[in-house]
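> Read top to bottom, the protein sequences are chains A and B. Under this note's numbering, residues 1 to 460 are what the first sequence spells out, in order. Under this note's numbering, residues 1 to 113 are what the second sequence spells out, in order.
Hints are computed from structural coordinates only; laboratory data are not their basis. This one's a predicted model, so the numbers in the text were calculated from it and none came from an experiment. Among the hints, a few may not be true.
[What the hints assert, rightly or not] In silico PhoX-like cross-links for lysine-lysine, where the CA-CA straight-line distance does not exceed 20 Å:
(1) B:Lys109 x B:Lys2
(2) A:Lys238 x B:Lys17
(3) A:Lys238 x A:Lys354
(4) B:Lys107 x A:Lys440
(5) B:Lys2 x B:Lys107
(6) A:Lys236 x A:Lys438
[What the hints assert, rightly or not] Computed list of chain B residues with no C-beta within reach of chain A, every gap over 10 Å:
(7) Pro10
(8) Asn26
(9) Val33
(10) Leu34
(11) His36
(12) Ile42
(13) Val45
(14) Gly53
(15) Arg57
(16) Asp67
(17) Met78
(18) Gln79
(19) Pro95
(20) Met96
(21) Ala111
No residue lacks a Cβ here, since even glycine has one placed at the ideal position from N, Cα and C.
Single-letter residue listing:
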Amino acid sequence: MYRKSLILATTLLLLSFSAFTMADDAAKAPLIAATTQTASVTATAQPAVPPVPINAGDTAWVLVSAALVMLMTPGLAFFYGGLVRKKNMLSILMQCMAALAVVSVQWVLFGYSLAFHPGNGFWGGFGWFGLKGVGFEPYADYAGTIPHQAFMIFQAMFAIITPALIIGAFAERMKFSSYLIFLVLWSTFIYDPIAHWVWGVGGFLKNMGALDFAGGTVVHINAGIAALVSALVLGKRKGLSSPIPPHNLPFAVLGAALLWFGWFGFNAGSALAANGLAVSAFVATNTAAAMAALTWAVLDWMTVGKPTMLGVITGAVAGLVAITPAAGFVDVFGALGIGILVSLVCYFMVAFVKSKLGYDDSLDAFGVHGIGGIVGAIATGLFATTAVNSTGANGLFYGNPKQLLIQAIAVGCTLAYTLVGSFVLFKLVDLVFGLRAKEKDEVIGLDLSQHHESAYTLIE
Amino acid sequence: MKLIIAIIQPQKLEEVKQELYKVDVNLLTVNEVLGHGRQKGITEVYRGVRESGNLLRKIRLEIGVNDNYVEPTINAIMQGARSGETGDGKIFVLPMEECLRIRTGEKGKTAIG
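All chains should be built: construct the whole structure from the sequences, respecting the hints.
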């Protein structure tokens, strides 16, 4: 009892402390004068600037970041894989690796063009089909100091991990062939347009001034909502009487650690330069993940009596999700506040609301990525401060309630489009090809039935 | 006293357990085993090489019971494990000579339950 109240008191103290200091910081001068443009902020158009030479440091950092984000997809595979039953381990790894293979090809052929070519407010068109015109000169509207192709390959890794996140909701029951078709369709018709709205030149949410530093709306809300839709369309797994214990929790921890590691590329890399803004995003990312992991452990401690390993990694991932849109716009107390907030909300969703509503989101892709993403996007409207990033905006806590409204609109647009679009795509694939594995195949396990392999042997 | 050995499908374990609890059989030992009957196993492929007739995962239950519990136990296992497909498994009933509880040294009838 004494220990519980101590923990609670510490949490509350930290929360109030972070709110307090934020108001304080508002008056201070900008900590970092952003020299490069971030991909997500309204383009304060820079007409007729003389071409900037390629910056070696920036290019190196963005390439390393791209590689870091690439590692997140196999990391996710182990995170999810550890949580399923052992008869489905390979199916998860395979779905993640398939996302890496399929979306990489889709991206260089036409995905990048659909998302980033300066088209209309809704999509980019086919102007950069096959990377035609995407060369080694910088493209100043996105990143002025690195080769255009470096920006392209960095963005490719985001396009890959987003559909892979959805796997968590339909794990253990989707037919592999239908998954591949879904993968191409969803990337093309859902991810690419939304990426254009938020990041592309001319995108309507970008023009509206929505803040999304590294892809909270594009990646996490988008994938999270699609995850909920997929869980509803596919229905529950067969013979689920009680929650299934993870078959290999150490794998899940390894995966979560790789996600945390890769997330530095995801968020700090989104500064698209090796500068103070990247450092600020890096620090915010680590801080929010740590605070969220801690909060989740405390919640576990208070509600079920013991802090759990699965709880800590779930909290860490939720924190990483929530800090994604905010990373380049909030200071360290904003990051702490977001970390606490997201764990509180996601814990409530995963532990109480999900069981009440009864949908089978196998690995909580919606509960963590969807809800965490929404918390992050809204919290950006609360905690953002131009003291961190002069090209950003102030949030509600810094006297700008309008930003909260803009964030809510961005969330609403993404949510509505993904909800409807994903539902149509899932239904379409279901009608034409059938989404679910045959009942017998699901019972045997997707490893043997979909891939004719097994992850583990019993003898030798 | 009989020893009942049942080989069942892994996914049926939970149902079998629930059926056993219903007839008050609360003690059992579970093994993960490999085997196949008429199902003839399954084909796996590694780097293009087919391996046919690989053994399938099964669950093996061992339950020691007093004579009046034999029928209820068998019925419960049948109830929980049957899907009607090949591969549902088998039940073996063996005579059991003795049973001892290690903690107390009790023997026979009283040691089982």
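> With reference to the structure, classify each hint as holding or not holding.
Structure-based check of all given hints:
Taken as a hint, the Lys109 of chain B and Lys2 of chain B pair is honoured in the structure, with Cα atoms around 11 Å apart against an allowance of 20 Å. Among the hinted pairs, Lys238 of chain A with Lys17 of chain B is consistent with the structure: their alpha-carbon atoms are about 17 Å apart, no more than 20 Å. Pair hint Lys238 of chain A plus Lys354 of chain A holds up; C-alpha atoms about 18 Å apart against a cutoff of 20 Å. For the given pair, Lys107 of chain B sits about 44 Å from Lys440 of chain A by alpha-carbon distance, which is inconsistent with the 20 Å threshold.
Proximity of Lys2 of chain B to Lys107 of chain B is assessed by CA-CA distance (about 14 Å); at most 20 Å being required, the pair is judged to hold. A hinted pair counts as satisfied when its Cα atoms are at most 20 Å apart, and Lys236 of chain A with Lys438 of chain A qualifies at roughly 13 Å. For Pro10 of chain B, the non-interface assignment is contradicted: its Cβ lies about 8 Å from the closest Cβ of chain A, within the 10 Å cut-off. Listed as outside the interface, Asn26 of chain B is consistent with that label: its C-beta sits roughly 18 Å from the nearest C-beta of chain A, beyond the 10 Å cut-off.
Not every CB of chain A lies more than 10 Å from the CB of Val33 of chain B, the least distance being 8 Å, so the non-interface label is violated. Interface exclusion of Leu34 of chain B from chain A breaks down, the closest Cβ pair being 5 Å apart, not more than 10 Å. Listed as outside the interface, His36 of chain B is consistent with that label: its C-beta sits roughly 12 Å from the nearest C-beta of chain A, beyond the 10 Å cut-off. Against chain A, the non-interface label of Ile42 of chain B is violated: not every CB pair exceeds 10 Å, the least being about 6 Å.
For Val45 of chain B, the requirement that its beta carbon stay farther than 10 Å from each beta carbon of chain A is not met, with the minimum near 4 Å. No beta-carbon of chain A comes within 10 Å of the beta-carbon of Gly53 of chain B; the shortest separation is about 13 Å. Taking the minimum C-beta to C-beta distance to chain A, about 7 Å, the non-interface status of Arg57 of chain B is violated against the 10 Å cut. Taking the minimum C-beta to C-beta distance to chain A, about 31 Å, the non-interface status of Asp67 of chain B holds against the 10 Å cut.
No Cβ of chain A comes within 10 Å of the Cβ of Met78 of chain B; the nearest lies about 18 Å off, and the non-interface call holds. Under the 10 Å C-beta cut-off, the non-interface status given to Gln79 of chain B relative to chain A holds; the minimum distance is some 15 Å. Consistency note on Pro95 of chain B: stated as away from chain A, and its beta-carbon is indeed over 10 Å from all of that chain's, at 29 Å minimum. Every C-beta of chain A lies more than 10 Å from that of Met96 of chain B, the closest at about 27 Å, which supports listing it as non-interface.
Against chain A, the non-interface label of Ala111 of chain B holds: every CB pair exceeds 10 Å, the least being about 31 Å.
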